[in-house]
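*Asks:* Residues per chain, in single letters:
Number of protein chains: 6
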Amino acid sequence: MPTPIEYADASPQVRAVYDDIKTSRNVPDVNNFWKYLANDPATLKRTWESIKEVMSPGALDPFTKELVYLAVSVTNGCGYCTASHSAAARKAGMTDAMFGELMAVTGMANETNRLANGYRVPVDPAFQK
Amino acid sequence: MPTPIEYADASPQVRAVYDDIKTSRNVPDVNNFWKYLANDPATLKRTWESIKEVMSPGALDPFTKELVYLAVSVTNGCGYCTASHSAAARKAGMTDAMFGELMAVTGMANETNRLANGYRVPVDPAFQK
Amino acid sequence: MPTPIEYADASPQVRAVYDDIKTSRNVPDVNNFWKYLANDPATLKRTWESIKEVMSPGALDPFTKELVYLAVSVTNGCGYCTASHSAAARKAGMTDAMFGELMAVTGMANETNRLANGYRVPVDPAFQK
Amino acid sequence: MPTPIEYADASPQVRAVYDDIKTSRNVPDVNNFWKYLANDPATLKRTWESIKEVMSPGALDPFTKELVYLAVSVTNGCGYCTASHSAAARKAGMTDAMFGELMAVTGMANETNRLANGYRVPVDPAFQK
Amino acid sequence: MPTPIEYADASPQVRAVYDDIKTSRNVPDVNNFWKYLANDPATLKRTWESIKEVMSPGALDPFTKELVYLAVSVTNGCGYCTASHSAAARKAGMTDAMFGELMAVTGMANETNRLANGYRVPVDPAFQK
Amino acid sequence: MPTPIEYADASPQVRAVYDDIKTSRNVPDVNNFWKYLANDPATLKRTWESIKEVMSPGALDPFTKELVYLAVSVTNGCGYCTASHSAAARKAGMTDAMFGELMAVTGMANETNRLANGYRVPVDPAFQK
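Residue numbers (my numbering), protein chains in the order written: chain A, 79 to 207; chain X, 79 to 207; chain L, 79 to 207; chain C, 79 to 207; chain S, 79 to 207; chain Y, 79 to 207.
Bound-form chain A, shown alone (with noise of 0.2 Å):
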């Protein structure tokens, strides 16, 4: 199965990612995810550079930006990324009551999806514009 890069083992090009990532995060070393990504470079690279686009200060902060990232994660069930990106988001700020909240509308938006589902409920036309 695949094992994770240290840095000591990593090649330059895999080097300059976990440069860039400890720099942006301000942290002494890169988490799992990517050690085990920098087993290809191509895709270590591709989405270390999207994740920085992406959750950057924008339209939308990056705090919130966090709090879908962790919804989306448990929605799908990924442990590993429910683990890291709650820790993000109380790094970012995210209280109990915050996360306690979050799970809320997370459980909420899984069941009446369903609900809508089963009912087959078609769109309302104020909808559709």
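Just so you know, these hints were derived from the structure itself, not from any lab. Take these hints with a grain of salt, some might be off.
Chain copies aren't distinguished; within one or between two, either way the pair holds.
Below, computed lysine-lysine pairings styled on DSBU-like, alpha-carbon distance capped at 30 Å [as the list claims (entries may be wrong)]: (1) K207 to K169; (2) K207 to K130; (3) K100 to K130; (4) K100 to K207.
Since chain A is already given, all that's left is putting chains X, L, C, S and Y on it; use the hints.
*Replies:* Relative to the frame of chain A, chains X, L, C, S and Y by itself:
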């Protein structure tokens, strides 16, 4: 297949829920989701009361909650929910730029969730705390 | 895109499956699912034989099995399957009240599945036995 | 990460929910799901009350509801939920043979849902009624 | 709701991406996916460049990649993606027989994924290496 | 919870399936998936025969089918299946580079599936044919 229950044909119990939705949201009529759910008055009432509680202002503001709801609905591929929560988010202030970024984050989360699954990345000890 | 194979245009192998479906279900014609699957006669035959075996009376009665089939289809957001298995369940005796409760359970399961994911709840030792 | 709230450390509001769960289910302690949800007392209370209402006897018996809950949890790949609802279904009378058939139906539904998606099967007019 | 951006109405940045898609694929116009994504030029550009990199010949040939893309789209129930990637795979050489087998494999994987979930099968030590 | 059925403890019907798996795959023992499925001999037999038929050489070669199986398992987040089908694909010749590209395609498909959902992209007339 299920058919919608219009206000004029609704029981007093269903009308009471419709009235509360219309007042709470300041809309002249409820959208199709509720008209279909009204086939099961207990689920109509429970779902509305849960939504009202979960989506109200708290540690997270209602706008952030709408964005999360939309991201989950898009992840699950619920067509009705994507349409209705896009409309709700627009009404609550979501601009085109915000929508674009929300979709970008939702897409990236769905991508990296699978990369983490596929590489079988173990949770970092720092994320276990 | 795939097109349906009507009985008149079907090969003897496909007709044999259609005949068995029509006899087993006491219907004048097979529904679209089978007409499309007939583009791959091996999958048509294997799927029908598997469905016939799995949905037959056993430790669980066929009606309970239909309800489960519908709940899974709604969870997955399969529009065709939700329509066809709603019809099958209705034919097998599902009332409006039963449908309402089935959707309520399906919705709650989808909600609490995400709450368990998000809170990263460890399995109780009692459930490991 | 979230930690469980034991009865001894719980607020009166949380204890009231725990007491109701213990009485309703005739168990000496609540399972981990509730202890984690107790970090958000409003979600704990709302979720328990919803579950109690949804899983009570109605047009469908509680045993059938437990089977549906388990099938949905397995479909979503929720490990905790699969463990807890397997235990609940066993307690409610699910035999090995019933479990085997439930999994067979759940598996077939997941398979045919994708066959219908892939062949883009249009809904039969008879299923639109 | 989002509307498509036609070439005539597109900004120079969007036109540059459209031109690259048209040249790379040798098509007279881009398909709807790109015309909608053009509402967010940054996502349009990033997504196209990622797709171009990921789908190019490498250790796996582009045809195999198209089959995988279609299988994932069918699994997720994305109607648009199933239609567009079916067309792309057909163009790249997918025959009716290949499509039938691809669907059969996709269906079986979705079935056995749930059987493994439901039986809570532990990973064999030989698969941990 | 379910327990595995070892060869020594298996019924003649189960042993016959185990023997066929061992011969077909040239392995000294069956993996855990089959040992757990053996709790339901009918499902064991049906699933094995279906897998054997579906994964055999045809219009698509068995290696391509293994890659597709893995991509679907990763998309669904099935941990057991990801481990077992990674091992199977490796055994069939999947290199590190192939694995990396397979995950890249799987990730992109999951991302663009949601972009198409979120932008509610209508199917191009050319894809309806």
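*Asks:* Decide, hint by hint, whether the structure agrees.
*Replies:* Evaluated hints:
| no. | hint | verdict |
| --- | --- | --- |
| 1 | K207 to K169 | between (39 Å within a copy, 13 Å between copies) |
| 2 | K207 to K130 | between (33 Å within a copy, 25 Å between copies) |
| 3 | K100 to K130 | both (12 Å within a copy, 28 Å between copies) |
| 4 | K100 to K207 | between (44 Å within a copy, 21 Å between copies) |
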